[in-house]
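S.K.: The primary structure of each chain is shown beneath.
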Amino acid sequence: MAYFSQQLINAITLGAIYGLIAIGYTMVYGIIGMINFAHGEVFMIGAFISLIGFMICSLLGIGSAPLAILLVLLLAMAFTAVYGWAIERLAYRPLRGSFRLAPLISAIGVSIVLQNYVQLAQGARPKPGGQIVSGGYNLFSADGFDVRVTWLQIIIVAVTLVLMTGFTWVIARTPLGRQQRACEQDMKMAALLGVNVNKTISLTFVMGAALAAVAGMLFLMYYGVIDFFIGFLAGIKAFTAAVLGGIGSLPGAMLGGLLIGLIEVFWAGYFSSEYKDVAVFAILVLVLIFRPTGLLGKPEIEKV
Amino acid sequence: MPDQNILEVREIATFYGAIQALHGVDLDVAKGEIATLIGANGAGKSTLLMTICGSPRAQSGSIRFDGEEIVKLPTHEIVRRGVAQVPEGRRIFPRMSVFENLQMGATISDPAHFKQDIERVFAMFPRLAERREQRGGTLSGGEQQMLAIGRALMSRPRLLLLDEPSLGLAPLVVQQIFEAIGRIAREEGVTIFLVEQNAYHALRLANRGYVLVNGRVRLSGTGAELLANAEVRAAYLEGGQT
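Chains as they are written, first to last, in the working numbering: chain A, 754 to 1057; chain B, 78 to 319.
No lab work stands behind these hints, which were simulated from the structure alone.
One thing to keep in mind: the hints can contain errors.
With a cut-off of at most 20 Å between alpha-carbon atoms, the simulated DMTMM-like pairs for lysine to aspartate or glutamate come out as follows [stated by the list, open to error]:
#: 1; chain 1: A; residue 1: LYS941; chain 2: B; residue 2: GLU177
#: 2; chain 1: A; residue 1: LYS941; chain 2: B; residue 2: GLU165
#: 3; chain 1: A; residue 1: LYS941; chain 2: B; residue 2: GLU154
#: 4; chain 1: B; residue 1: LYS192; chain 2: B; residue 2: GLU264
Partial chain A-side listing against chain B, Cβ under 8 Å, derived [unchecked claim]:
#: 5; residue: ARG931
#: 6; residue: MET942
#: 7; residue: GLY947
We put the CB at the ideal spot given by N, CA and C, even for glycine.
Extracted from the complex, chain A is given alone in its bound form (with noise of 0.2 Å):
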């Protein structure tokens, strides 16, 4: 009981990262019907950044935690945000019309250009990032086994709850994510009523870029230790998180990425760490085969 229960404090706390990250993969494919592989580097990156803030912030003294979280949470959103507004501009924008894997193919190599990048730039061995937050709740002690959550695992679960609820309003409550949706049904009619649909689209990518800065910084918080391959597995993840709660759907791609953090998890906890991934990836295939429009996605319907 006691070790089931600490297990299900982690297992959401890795759910609420992935889920960030997902939300970024499920926004761009509603919109423009393209998987953007790139994605996961645009949080490699969101990683880096954090990490840089936070050295700047301790240069400059900043001794307060939630303060430093903070700043380099705004930091890392701005900086990533560029990143991901920059990679649509440049590597997809010019390939809108063209084939359909044209833009799959530029997102791969977009992939392959940042991580080379932040190698180059930051070096190959991993980075440590130090510990911002410490310490912890005890929440119960069983089986001669203390049940407790950290306040960074607090903090992880309560900054996802916040960002997920906001930008759930933004989507369902605002003109912007009206145009979003909007553009997602039918893009034509979206610019037939004045909808700047290229502006909607980079705002799509700027968002996701954003959460995915944000599932950075909360990665680098968490494990204390970042490289610049960190985008590959944790991208593909998450990109199985949005298929397995259906691809183009906002709850679905937060489902999706609680319960890959669970199985992650629990595989890890119960059965064997070193075939964590390969649960992860067989529960990937075994959606595609059976259910390819994953928990929440509705199927394709045609339009009239």
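Start from chain A and add chain B according to the hints.
M.R.: The following block gives chain B in isolation, referenced to the frame of chain A:
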């Protein structure tokens, strides 16, 4: 008759890939009138309306809206100048409510007169008010057409382009739609350019008509002239369409 043209189309050529759909179309729509364009399937009627909105873009030629050249502008910029379109197939956003579809129609207009505009649309089509929370995709064909027209009116257009608003609708609903179009022109002072396969209804309503054949304007005249024209009668009125 008003003498000033709100829309002047000159020598417009449009291609889909290598296939030429419009071969140098010329036509004028005067301020405040109802103009109509009739023609067989595949003549290029919808292509012309979409080309006016810049999607697809004309390969050559000129389109002037209220004196301003718009042929090179992006679609959303053309729309911002006061052109609204009720496109072929209505293109309601299926997973948005009626209300949200109307909100989308008001994308370019001042939020200050949103309330007034939506009241006007609801007054014109009370069915939409009853169904305001219903998803667009679940409406009947006639209701979708009303919504498409209402959505276009939300931007307070000066020129309204309508693409086959009667297509696939029951005769009674067709009657309602045409009445609404007449009212929009008379009471709101909106210039209307109507594409129709229902030539009889359209020509009776219109001040001016054009006949499009294979991407070219073949005939033009007042609605009454075209209704009396032997060629038009043979091709579009007595071929089973009423």
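S.K.: Please go over all the hints and tell whether each is borne out by the structure.
M.R.: Hint by hint, here is what the structure shows:
For the hint linking LYS941(A) to GLU177(B), the alpha-carbon distance of about 17 Å falls within 20 Å, and the restraint holds. At roughly 12 Å between alpha-carbon atoms, LYS941(A) and GLU165(B) fall within 20 Å of each other, so this suggested pair holds. A distance of roughly 14 Å separates the Cα atoms of LYS941(A) and GLU154(B); the hinted pair therefore holds under the 20 Å criterion. About 19 Å separates the Cα atoms of LYS192(B) and GLU264(B), which keeps this hinted pair within 20 Å; it holds.
For ARG931(A), the suggested interface contact is upheld, since its CB lies about 6 Å from the closest CB of chain B, less than 8 Å. With a cut of 8 Å, the hint placing MET942(A) at the interface with chain B holds, because the nearest CB-to-CB distance is about 4 Å. This hint holds: GLY947(A) has a C-beta 4 Å from the nearest C-beta of chain B, less than the 8 Å allowed.
Figure legend: structure checked against the earlier numbered hints; every hint is met.
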